[in-house]
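Novice: Just so we're aligned: the sequence shown equals residues -14 to 254 in the working numbering.
Where hints are given, some of them may not hold.
[Said to hold, decoys possible] Straight-line Cα separation of at most 30 Å, DSBU-like style, residue types lysine-lysine; simulated pairs: (1) K52 <-> K(-5); (2) K144 <-> K(-8); (3) K70 <-> K117; (4) K115 <-> K144; (5) K113 <-> K134; (6) K70 <-> K52; (7) K116 <-> K65; (8) K113 <-> K70; (9) K134 <-> K115; (10) K194 <-> K(-5); (11) K65 <-> K115; (12) K59 <-> K113; (13) K134 <-> K117; (14) K65 <-> K80; (15) K80 <-> K(-8); (16) K113 <-> K144; (17) K134 <-> K116; (18) K138 <-> K116; (19) K59 <-> K80.
To be clear, the hints were calculated from the coordinates, so they are not data collected in a lab.
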Amino acid sequence: MKITRQKHAKKHLGFFRNNFGVREPYQILLDGTFCQAALRGRIQLREQLPRYLMAETQLCTTRCVLKELETLGKDLYGAKLIAQKCQVRNCPHFKNAVSGSECLLSMVEDGNPHHYFLATQDQNLSMKVKKKPGIPLMFIIQNTIVLDKPSPKTIAFVKAVESGQLVSVHEKQSIRQLKEEQGLVKDPEQRRRKKRKKVSGPNPLSCLKKKKKTQDTNSSASEKKRKRKRIRNRSTSKVLSEKQNAEGHLLFIHHEACHLQEIKVCCVY
C-alpha cells in the first residue's frame, strides 16, 4: 500500500510540475484541522511529508490561522503548538483577521503564483479549492497523508492550454523571463525613475513689450549723459572763476605799482 501511495503521489507531482511549474522545496499551507488530525494520528509531519513526496518541504501557515486556533481554546492547544512551529507567510489581512479557510483561499488566488500546496480536513474548503485550477490538495485519511489527484477543473484547464485556447500562469512567467533576458521588456523600476515632463507656460520675460525696453534704455542713457555734462560745466566754471580772480589781482598790483611811482616823482620835485 505504501508503494502504491508513493507511485500515485509521484504521478500527481509530475502533472503539477509539468503543467503549473510546481518546484522544490514544496510549500505546504496547513490549517488548524490538518494539524489536529496529525496530532490525533501521531503523525510527525516534518519527517513523513518529505518521505511521502520524496522531496524537500516547507511547512507554512498564516497569522489568521494562528489567531483562529488561539480563539478556539484548550481543545486545539496541541494543534496550535504544531502550527506555531511552521513558517508564517504574510497574508493580506494585517489589520482585520479573517477565518483560516478564507485566509488560505486568498493565498492561492490569481492562479496560485507561489505554488502552494494546501493541506486541510475541511470539506467546504477542499471543495472551493477544487474549483480553482493548479492547486495541489492534501489531507489525512486513516492516519496516512494523501495527495489528492488533480481536480476535473484542473484537467480541463490543462486541456484548454494544450489546445491553445488558454495560457497557463507558468507559461506567462517563462515568456516574461525570456523577454527580460533578451531586453524586450524594461524593468518597472526604470519606468518609475523616468519623470514626466511638466507642461510649462510661456517665459514671462518674453511676454514683455519691446518698446518699454527701448524707452527704459534711452532714458537711462540720457540720464548718464546729463550727469556727465553737469560735471563738466562745474569744472569749467571753477577754472573761469579762478582765472578772473587772478586777473583782478594782477590789475590791483599794477595800480599799486603805478601809484608808488607817482609818489616817488612828487617827492623828487
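Novice: Evaluate each hint against the coordinates.
Specialist: Taking the hints in turn, this is what the structure says about them:
no., hint, in the structure
1, K52 <-> K(-5), "34 Å, violated"
2, K144 <-> K(-8), "23 Å, holds"
3, K70 <-> K117, "28 Å, holds"
4, K115 <-> K144, "16 Å, holds"
5, K113 <-> K134, "15 Å, holds"
6, K70 <-> K52, "14 Å, holds"
7, K116 <-> K65, "28 Å, holds"
8, K113 <-> K70, "27 Å, holds"
9, K134 <-> K115, "10 Å, holds"
10, K194 <-> K(-5), "85 Å, violated"
11, K65 <-> K115, "26 Å, holds"
12, K59 <-> K113, "29 Å, holds"
13, K134 <-> K117, "14 Å, holds"
14, K65 <-> K80, "21 Å, holds"
15, K80 <-> K(-8), "44 Å, violated"
16, K113 <-> K144, "21 Å, holds"
17, K134 <-> K116, "13 Å, holds"
18, K138 <-> K116, "6 Å, holds"
19, K59 <-> K80, "25 Å, holds"
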